[in-house]
Every structure is written in C-alpha cells, then in structure tokens.
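K.L.:
Letter by letter, the chains look like this.
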Amino acid sequence: MDGETGKATASWESGLLAPVDRLRLDRADSPTPGLVEGTEPGAGQKSAIFYHAQSYEDLTAEAEKEAQRASEPHGSEGHDGEEFSTLVGKKSTEERLNSDTSSESRGKEEDVSSEAWRSHKKHVFVLSEAGKPIYTRYGTEEALSSTMGVMMALVSFVEAEKNIIRSIHADGCKVVFLTKSPLVLVGVSKTGQSEKELLRELQYIYYQIVSLLTLTQLNHIFQHKQNYDLRRLLAGSEYLTDNLLRRLERDPGLLLSAVTCLPLASSARDVVSSSLQAAKAKNLVFSILLAGDRLVTLVRKKDQFLHHIDLHLVFNLVGSSSSFREGEGWTPICLPKFNTAGFFHAHISYLEPASELCLILVSTDREDFFNMSECKQRFMERLSKRSAYQAMKEALKCPNYSVAQVGIPELRHFLYKSKSSGLYTSPEFPEVYQSDEEQERLMGLYQDLHSCLHHPTRPLRSFYRCSEAENLLAWVTSGFELYLCFSPMSTKALAVSAVNKLLKWIRKEEDRLFILSPLTY
Amino acid sequence: MSTRKASLTDKQAKNGTSKYVLERCASINEYYDIAFKVMLLGDSAVGKTCILVRFKDGAFLGGNFIATVGIDFRNKVVDVDNLKVKLQIWDTAGQERFRSVTHAYYRDAQALLLLYDITSKPSFDNIRAWLTEIKDYAQKDVVIMLLGNKSDMAAERVVKTEDGERLAKQYGVPFMETSAKTGVNVELAFLAVAKELKHRATQQPNEPKFKIHDYIESQKHRSGCCSLG
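Chains A and B, in that order, give the protein sequences. By the working numbering, the letter at position 118 of the first sequence is numbered 118, and the numbering carries on one by one without gaps. By the working numbering, the letter at position 216 of the second sequence is numbered 1216, and the numbering carries on one by one without gaps.
Calculated from the structure, these hints are not laboratory results. In this text the structure is predicted, and so the values were computed from the model without any measurement. One or more hints might be untrue.
[Unchecked claim] Calculated lysine-lysine pairs in the BS3-like style (CA-CA distance at most 30 Å, straight line):
(1) K376(A) with K1076(B)
(2) K393(A) with K1084(B)
(3) K1037(B) with K282(A)
(4) K1056(B) with K132(A)
(5) K1135(B) with K1211(B)
(6) K1084(B) with K385(A)
(7) K1084(B) with K225(A)
(8) K393(A) with K1056(B)
(9) K1209(B) with K1056(B)
(10) K1209(B) with K1121(B)
(11) K1181(B) with K1195(B)
(12) K1076(B) with K280(A)
[Said to hold, decoys possible] Selected chain B positions facing chain A (in silico; Cβ < 7 Å):
(13) A1035
(14) K1037
(15) G1070
(16) R1099
(17) V1101
(18) H1103
(19) Y1106
(20) D1125
Beta carbons are placed, not taken as given, at the ideal position from N, Cα and C, and that holds for glycine.
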C-alpha cells in the first residue's frame, strides 16, 4: 500500500480541464476549474437535484451526533467537538474480546444454524429494544431469538455503565452496533470494510425500515407495547431489505452517495423533463423517471429537495418489485431524509409493459391516485408526440458506455462523482471483470479506497495503490471524487496523466452523462 | 370506429337510453361501453394477484410469492351480453401496513372479491373481520363475492367447502371455490360480477332481475366433490 496526500494535485491544478469555449462563464472564472465544488464536470447549471450536503459524511454524522447526545447527559469529561466527529471516539466503548470467548459465544448460535450460515460474509440483524427479532439477513428470526437476546444484553450492559457499544472486534470478525431507538441494528462482517462503512450500511437498513412504517409509527408502536413483534407489520417486505443489502455490495451509487444517469442527448432529456414538468398537479412533489437503476430525469416542486438516500430507497422499491410491471401501483412511502413522520404516496408505473422506463409520481395526498394516473396520461400524450421518446428508447438499447471511448488504453474502469450535483458516472465493467465475483472484488477495492479517503481521523486526498491484478488511484477534491482502475502494467505517472485526460473527456461528455439543467414545477 | 359507434347507437335505440351506458370512452386502444371498479381483498398470500393474473392473462404465477406493494390497478375489458364492460381491477396488498391506503379506495369499488386460502385456517377466520371492514368503508350496495382459493391443493385443504358455503349464506353473499393454478371458476367469478353490475346499470323496469346466486350455481365447477357428498 502506498498512500500519499495532496502531492499529486499540483500537476493538474495548472491546466484547464476543457477548452475554455466549452466552459460556462462561472466555470471559466474559477481559479481551478473542476477542482472547486460547482465547477467540476457534471455540476448542474442552476440548482442541484439533491440536498447540497450530500456527502458520505452526511450519513454517518447523524449517528455520531446521536452518540454524542446520548453520552452528553453523563458528560464525564470535557470534550471538544472534533473528538466526537471521529467515529471511534474515546468515549465509545470498543469491546475487544479475545478469540476464545468469541468462538464460545458464537458456538451457541451454531446450535440453531449450520456451518453454511456461519460462513456468510456479512450478517445483518435488526431487533427491538426489548430484544425481539425483527430481521435477519440469513436464516429465520425465530431461530435466532436467543442470539438477538444476547445482542440486546450486550447493548444494555454497556448502556448501564452510561456508555455506548460501537463495535466488537474478534477473530477477523467485526460486530458493529447501531442503536436507533426503538430499533437496534447489528452487523457482523468478515469483509475488510471499516466500521464506518458497516455503520453506514446499517444506517441504510434503518432508513429502509423507516420508509416502510415512518418513525412516528415505530415510536408509537413501541411506546404502547414494548415487546411488539414488528415482523407483523413488516411482513412481505423482507425482500426489500435483502435487496438493499445486495445493492450495498454491488451498486457504486450507494457507496458514493450519488445516483447515475441514463446517457442521453441533453436535447432529448430536456424535452422529457419539460414534458414531466408540464404534467403537474397540486399535490405532486417529485416526478422521477427511471431506466432500470439509472435516472432519466427528476422534476421537483420548487424548494423541495430529494435526498439521495431517499432516491436509493425508491430505486430499491421499484427494482425489487415485479408487481409494478403491469398496471399502476399506488403505495405509501416514507422518505426518511425528507420527513420521518409521514407518508408520501407514490404512483408507480412503467411507460410500457416491456420497457425499462418507470415513472414514479410522488404525491402528498393518499387519495390522489386518479390525479396521478391522469398526470401520467398527460405526460405520455405529450411525450409520444415528440421524437425525444424515440431517442430515449434508442438510448436504452445501450444504457452504458465502454471505457475504450475515453481513449486511455491502460484505464480499465472508473467511478467519477460530481459532488455538487450528487451524480456519478461509470463505464460498464470491462472483460476482466465480467464475473460477479470479479465485479464484487473490484467494488471491494473501491470501498477500501473510499474508506481511506473518508477516514474519520486521517482522511486522504489522493491514494495510489499497486496490487497484483490492478493499480488503483483515488482522488478527492472539493468538487469531485474519482476512483480509477488501471491494468497492473501501468505506472503512477501514467495514472496521474490519465486523470487529466479523463476529466477532459467527462467535461466533453457531461451534457450526455449528467443532468445539467434540472427542472422544477 | 364509426361502424362501432353506429352499432352502439342501434343498440341504444333498441334498449332505450340508460344513464350509465352513455359513459362510453376510448382508452388508448380499447373501446368500452361501461366501466366498473372491482377490488380484490383478503389476507396476505391467499392468491389475489394470482387470481387477477389468471383472469387477465390466462397465466399462473408460479414460483416465489411476490407480495403486492400498496395497491395495483389494472384494466380488462370483457364482453357481457354484447356490451363491452371494462373492469378496473384494484389488486390490494394483504399486509396490515397497507390497510389505510386500501381503505381510501374501498368506496370507489362497485364490487369486491373477498378471498381466503382453503389451505389456511387463519385466512378463513379473518373473513368476518374483512366483512366488518367492508361494512365500514365500502358502498352500501357493493357487490361482494366470497372466494375460497387454491382449490387445486386438495391434500393441504383445511377449510371445508361447506364451511365456506355456510359463511357465505350467513352474510348473503355468493360463494365458490377457485384455483388460480388450474383456472377453475376464475373467469366465472369476474364475469358473474360483471354481469351483475351490468344488469344493475342497464336494467329496464320490466326486465327480469339478474340473479347472481342462481347464475353462479348453474355455472360453477365443484372441486371438492367428495366432501359435498
């Protein structure tokens, strides 16, 4: 491993990333085009679609705040905020059990389950504060009730000492705890992921559950009946959590806290957006058009922003349920980053039964089904008259691009995220990463780089790493995050010059790869 | 299109005008004379979506259980006595957490197909609760039909046909056992409802009343013949 900070940046601070004539005024004025938030390739023109602070820290900060809050009443010693912004603060209890006791305690779990169950790389458990099982990724909740009881005991035991359990490290296993009253989430991982990454994933699972029930309802239920079996209300939704966990392993969007777009000529995208904009209704807050896991366009009510987490939850709902394929779906959905207290109602339908294009109309009114249905009709009528519909269907035939288009022979794959727009772009996986295992391995490498760049105490700005199968470069500025994967034959100098070339290419293609002019109603 | 219109005016001239028949509309590619909303209700996993898919596409959704999310709205146009009847069918999620959204659309429905699973006693026991809900939220004159689904699974049966019949009689609703897998009585269930609704909407004062109970009795296939004795 070879980490370095800041050093590499100097080489490209001098040059513009794209010919001046292609840059919009405000971008050209920037002293370091592309390096400052808002001027990087892919940054939107007017306003972002998402909340502005859509960084990765955004997700974990909350947990830290809560930890801080929880420990404050007992504030035993003076602390400065900085100390608390680190994940494993001094006050957090890090229980290090030796491998003996660990294998013993895990031995009890094995009684109810097989060797195969134990060998899963990552387990996720959700339980109530009364220790009742709510969700397990593998196996059945019933069989694990005693295990979850133990987990709850650990949480309570440490809490009784006026402290918070954050993680247990034992024998190549990380056990991470996230207490989000009235729920407790536990992740058990054998992957190399950092605690912070694992915590972030648990946070996603928490939001998934909240999106099904709202936090208000959750609190209400457990206030009235502490030992309520929440599975009763979550019945039939387990697959959503299962799928979300799979996405967390495979989808760069969840890693980057960003969303990717269907590559589409901006002229066509603008027509689609304006058609959606025209099909508005009183209670309509967001109109979202998806092509599989890619955003085609998103139109929102003025001053209302969608958080990328909420959007990923919508992606997960739509992608996991075949029941929207035909007909029109109507379902309550809580967007927890928008408001944990209430439900929106989403009208979900595919533009054509066999199409990948799915329209989601989010309304505030439960009784709005027919209004939303009419909005869709109006959108379809408008759209079918334009050539943009055809262009969109054409674009769907090749929803991805090859890394060869960039023209850097050693470059195998990359992830580029524009921070100000919250959008990312990435080419299809090349030949060498065709198998699922290889793709997951590459994602794992990106995850490693990501956690180094976002290390709670010693974040890196850039990072070059050589390994047997590939060389990797990661670089973060205030404007973007970039992860590149090169063939193992390439050199560091080559990688550094490739960044410049790639950024120029992205700038050239940004009209197509990103949504530069998001609309509001 | 013009010939279709002409034939309709002919028919109307014969029948006299009915206020409902005038609601003649053209959706994107299907013409219909009259539209009704039908809702599928019942516990989770009794086969509501399967019944709908069997009726709409003639297929059986085998394999894994896929829970419906919220409610799902689909259309099917059927012929009833030479009239194109569009059934707008609400397929609902059986899960408790979707109850409030289902309630909001009860009153729009003109007919309710209430399902239980003959291999699940709890789903049958809950029928009374469903009927109470229907009374609370649905229109007063809503057409209700009770269906015992999965009649093909004779070996796992725990609810006897007579139990279903008795319950249906008690509430005065028509009843039959269906199988989304084999298709037994599925078409009949929807068609009987469509017929009843069509008769209600277009009935002339001197025309004999359509009797849904009699119609079903004359048409339905009995599945559990042995238990009927």
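K.L.:
Work down the list of hints and note, for each, if the structure agrees.
P.N.:
Hint check results:
no.: 1; hint: K376(A) with K1076(B); result: holds, 19 Å
no.: 2; hint: K393(A) with K1084(B); result: violated, 33 Å
no.: 3; hint: K1037(B) with K282(A); result: holds, 25 Å
no.: 4; hint: K1056(B) with K132(A); result: violated, 42 Å
no.: 5; hint: K1135(B) with K1211(B); result: holds, 22 Å
no.: 6; hint: K1084(B) with K385(A); result: holds, 29 Å
no.: 7; hint: K1084(B) with K225(A); result: violated, 52 Å
no.: 8; hint: K393(A) with K1056(B); result: holds, 27 Å
no.: 9; hint: K1209(B) with K1056(B); result: holds, 28 Å
no.: 10; hint: K1209(B) with K1121(B); result: violated, 36 Å
no.: 11; hint: K1181(B) with K1195(B); result: holds, 24 Å
no.: 12; hint: K1076(B) with K280(A); result: holds, 28 Å
no.: 13; hint: A1035; result: violated, 13 Å
no.: 14; hint: K1037; result: violated, 11 Å
no.: 15; hint: G1070; result: holds, 3 Å
no.: 16; hint: R1099; result: violated, 10 Å
no.: 17; hint: V1101; result: holds, 5 Å
no.: 18; hint: H1103; result: violated, 9 Å
no.: 19; hint: Y1106; result: violated, 12 Å
no.: 20; hint: D1125; result: violated, 16 Å
Hints 2, 4, 7, 10, 13, 14, 16, 18, 19 and 20 from the list above are not met by this structure, while the remaining hints are.
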